[in-house]
Amino acid sequence: MSTNREPRPYANPYVAGTLLGVVLFLSLYVTGGGLGASAAMSRVQTGVLDLLAPGHVDRVAYFAEMAGGSRNPWAHYAVYMLVGTVLGGFVSGLVNRRVKLETRKGPRISVQARWGFALLGGLIMGYGARMARGCTSGQALSGGAVLSVGSWAFAMAVFASAYAVAWFFRRLWT
Amino acid sequence: MAPFDLAASLGPVAYALVFGAIGFGFGAALEMGGFGDTRKLAGQFYFRDMTVLKVMFTGIAVAAVLVALATSFGLLDMTRVFVNPTYLWPGIVGGLIMGVGFVIGGFCPGTSLVAASTLKVDGMLFLLGALVGVWLFGETVSSFQGFWLSSYMGRFTLADWLGLPLGVTVLLVVVMAVALFWAGDLAQQHFGQKRPWAEVVKGPGRGWQLLAGSLVGASLFLVVRGQPDPEARFARMGPEVRRSVEERTIYVDPAEVVALRKDIGVQVAILDLRDERDFNLFHVGGSRRATLAELESQERLKHLLDQPPTTVTFLLGTGEAAALPAWRRLTAQGVPNLYVIEGGVNRWLERYPVDACVAERVGRVDGRDEPAWRFLYATGSTQPAAWPELSASRDFRSPCAAPAAASHDDAHQARSWPAHAYTRRVKLKSKAAVKGGCG
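Chains as they are written, first to last, in the numbering used here: chain A, 1 to 174; chain B, 1 to 439.
Note that these hints are calculated values from the structure, not bench results.
Hints are not guaranteed to be accurate.
[What the hints assert, rightly or not] Chain B is nowhere near these chain A residues, computed Cβ spacing over 10 Å in every case:
#, residue
1, ARG5
2, GLU6
3, LEU51
4, PRO54
5, GLY55
6, ASP58
7, GLY68
8, SER70
9, ARG71
10, SER110
11, ARG130
12, GLY138
[To be verified] Just the calculated beta-carbon pair ranges, DEER-fashion:
#, chain 1, residue 1, chain 2, residue 2, range
13, A, GLU102, B, HIS303, 50 to 58 Å
14, B, LEU10, A, PRO54, 26 to 34 Å
15, B, LEU164, A, ARG8, 41 to 49 Å
16, A, ILE109, B, GLU199, 28 to 36 Å
17, B, HIS303, A, LEU52, 19 to 27 Å
18, B, GLY363, A, GLY69, 52 to 60 Å
19, A, ARG97, B, VAL201, 26 to 34 Å
Note that CB positions come from ideal geometry on N, CA and C, so glycine has one too.
Kindly produce the complete structure, drawing on both the sequences and the hints.
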C-alpha cells in the first residue's frame, strides 16, 4: 500500500472539524443517534467471546444483554458504523497517501516500548469508555453536540485528567 | 419529520448501508484532520498541537448549531433524538480513567480505528488493548453496579441546567469553543514553541475569524428566531399522529384503563386536569391532579419523559375538551405512551357509578367538560367507583346502607362491576432505538 510519494498535509483543523460536525449532524438528523466507536468495540469483543465461551456470555449480565442466548451481537448499527469508519479512514488515507505500515511514536522511546504502551493505553481507555458509557466520540462529541450535561462533564474530565498526567509520561512523547 | 425510523422503513441491507455511510464520513473526517497520527493527538497535552481541541469542539459546535437550526425550522423532532443520559459520577470517573489512557496510549477508541485502517501498528495494538479493556469492564462491572448506576439524571441538557433558551445555550457553547481555540493558539506558541509572551502572535488567523464569524452569526440568528412552541411542533408531527386524533385511537375506554390497572406488567399514571373542587368531590384512585402549566414545568416534564417504558400515562378531564389540547402539547414535547381517558370522569362514572345517595345525575355524557353528576359531598377516592379493579372492597361501607345493620358483614358490600366491552387502544411503544455510539 505504501507509495514512495510524500503524504499530503492534513486538512486545516477547522475544515476537518466542520466536516466532522456536518457528519455528526447528518447522523443525528437521519438516525436520531450520534457517532461512536466504543459500543461497537464492546460488541465485537462480546461477539468473539460468544464464539469462544457462549456459556460464560449467557451468565454475565453485561455480555448477555448483547449476545445472550440467540441474540446476535454483530447485527447492530454500531457495528455497521465501525466498519464504515475503518473504510472511511482507509480511503481518506489512500487518497492522501498516508496508508503505510509503520509505527508512530515519540522521539525518545523504542518501537517495542510504543507498542507496549499502546496496548496498555488501549486497555485503560476501553475500560474507562465503558465506565463512562461511551468514548470521546459517543459521549464527548455526540453527547456534547446535543448538549448533554453528563457528556460535557465527561469531556472536561478527559481533558483535565490527560493534562494532569501528561507531565509524568513526557518521555513517551517529547 | 426527521429523525426517521430506519429499522421499520428500510431493509436490513439498506439499514446497514446507512450506518456504514455515516461511519465512512466519520472515519474520513477524522483521518483528514490528522487523528490517525498519535503524535498529533498526544501533542495536544504538551501544547504542541491544538488539533484535537480544534477538530473536536468545531465538530461539536457545528453540529449543535445545525441541530438547533433544524429544530428551529421544525425539520427535526428533538424529542426523538438520543441525548446521552447523564450518569454524572460514573461519567466523570470514566473520563478521568480515559484521560490517563489517552496520554499512555496516544489514541481514543475512534481515532485508533482510523490509525489501524491506515496501517499504523500502534493503532492496531491500541485497538486490541481496547477490546481487552471493554472485556475486563464487562467482567468486573457487577462488582460495582451500584456506583455504575449512580447519580442518574436522565435526559438533562445544558439548556435545562442553565434554564436558558436553546439558542442562547448554543451561543454560549460556540463562544466558549472559539475562545478556547484562540487561547489554545496562544498557549501553543508560548508553552509548545517556547516563545516569550512578547513575541507571541496575539491576533487570530483568518480560519478562526471565518469559523467564529459564521458560528456566532448563526447562533445569534437562533437566539433571535427562537424555537417553535409545542402547538407549532405538534402541527409538524407526522400525519399518523393527526390521524390518531381523528380516528380517536388516543381515547381509551375507562374499562381498558381498569384492565391495565390490574396488569402488573404495566404502570398506569392518571393525571387529572380538573380543578381542585371537582377533584375533591370524586377522583379515580391513585390519580394526581395537575394543570397543563404544571405538567409543562421543567421538573414535571422531565419526570414524564423519564418514566419506565412500561408506564402508560392517561389524561383525565371532566369530559374530553380540556384533555385534547393537553395531549397535543405533551405529545409534541415527547411524552411517550400518552392517552386520554375517553369521555373523561363523566364516562368513568357512567361505567362505574357511585351510590345514588352520594351523587345525582344532572347532565349528559357527551364529551363536553360539563359535570354530569352533582355530588352531595366530597368523596375523594373513597368510593368503590374510584377503584373498580378491586372487585370486592372489604373496607368500604356504603353510606346508603341503613346505619343499624344487623351484622357487621352485611354493611360491607362486595362490589362487582359488569364486564364492559371495549376496543383495545393502548400500544406500548419503547423510546428511541438508535442511541448513537454508546448503545
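Evaluation of the provided hints:
Taking the minimum C-beta to C-beta distance to chain B, about 15 Å, the non-interface status of ARG5/A holds against the 10 Å cut. Against the 10 Å criterion, GLU6/A stays outside the reach of chain B, whose nearest CB is about 15 Å from its own CB. The Cβ of LEU51/A lies farther than 10 Å from every Cβ of chain B, with a closest approach of about 13 Å, so its non-interface assignment holds. The beta carbon of PRO54/A sits about 14 Å from the closest Cβ of chain B, which is more than 10 Å, so the claim that it is off the interface holds.
Even its closest Cβ contact with chain B, about 14 Å, leaves GLY55/A beyond 10 Å, as expected for a residue assigned away from the interface. Every CB of chain B is more than 10 Å from the CB of ASP58/A (nearest about 13 Å), matching its label as outside the interface. Distance check on GLY68/A: its Cβ is at least 12 Å (rounded) from any Cβ of chain B, clearing the 10 Å threshold; non-interface status holds. A cut-off of 10 Å between C-beta atoms confirms that SER70/A is not in contact with chain B; the least separation is 16 Å.
The beta carbon of ARG71/A sits about 13 Å from the closest Cβ of chain B, which is more than 10 Å, so the claim that it is off the interface holds. For SER110/A, the condition that its CB be more than 10 Å from all CB atoms of chain B holds, with the nearest at approximately 12 Å. With a least CB separation of 4 Å from chain B, ARG130/A falls inside the 10 Å interface cut-off, contrary to its annotation. Taking the minimum C-beta to C-beta distance to chain B, about 3 Å, the non-interface status of GLY138/A is violated against the 10 Å cut.
At about 54 Å, the CB distance of GLU102/A to HIS303/B agrees with the hint of 50 to 58 Å. As the Cβ distance of LEU10/B to PRO54/A is approximately 30 Å, the hint placing it in 26 to 34 Å holds. At about 43 Å, the CB distance of LEU164/B to ARG8/A agrees with the hint of 41 to 49 Å. ILE109/A and GLU199/B have their C-beta atoms about 32 Å apart, which keeps the hinted 28 to 36 Å range intact.
Checking the proposed 19 to 27 Å range against HIS303/B and LEU52/A shows it is violated: the Cβ atoms sit about 44 Å from each other. Between GLY363/B and GLY69/A the CB atoms are about 57 Å apart, so this pair conforms to the stated range of 52 to 60 Å. At roughly 31 Å, the beta-carbon separation of ARG97/A and VAL201/B lies within the given 26 to 34 Å, and the hint holds.
Hint check: violations occur at hints 11, 12, 17; the rest are consistent with the structure.
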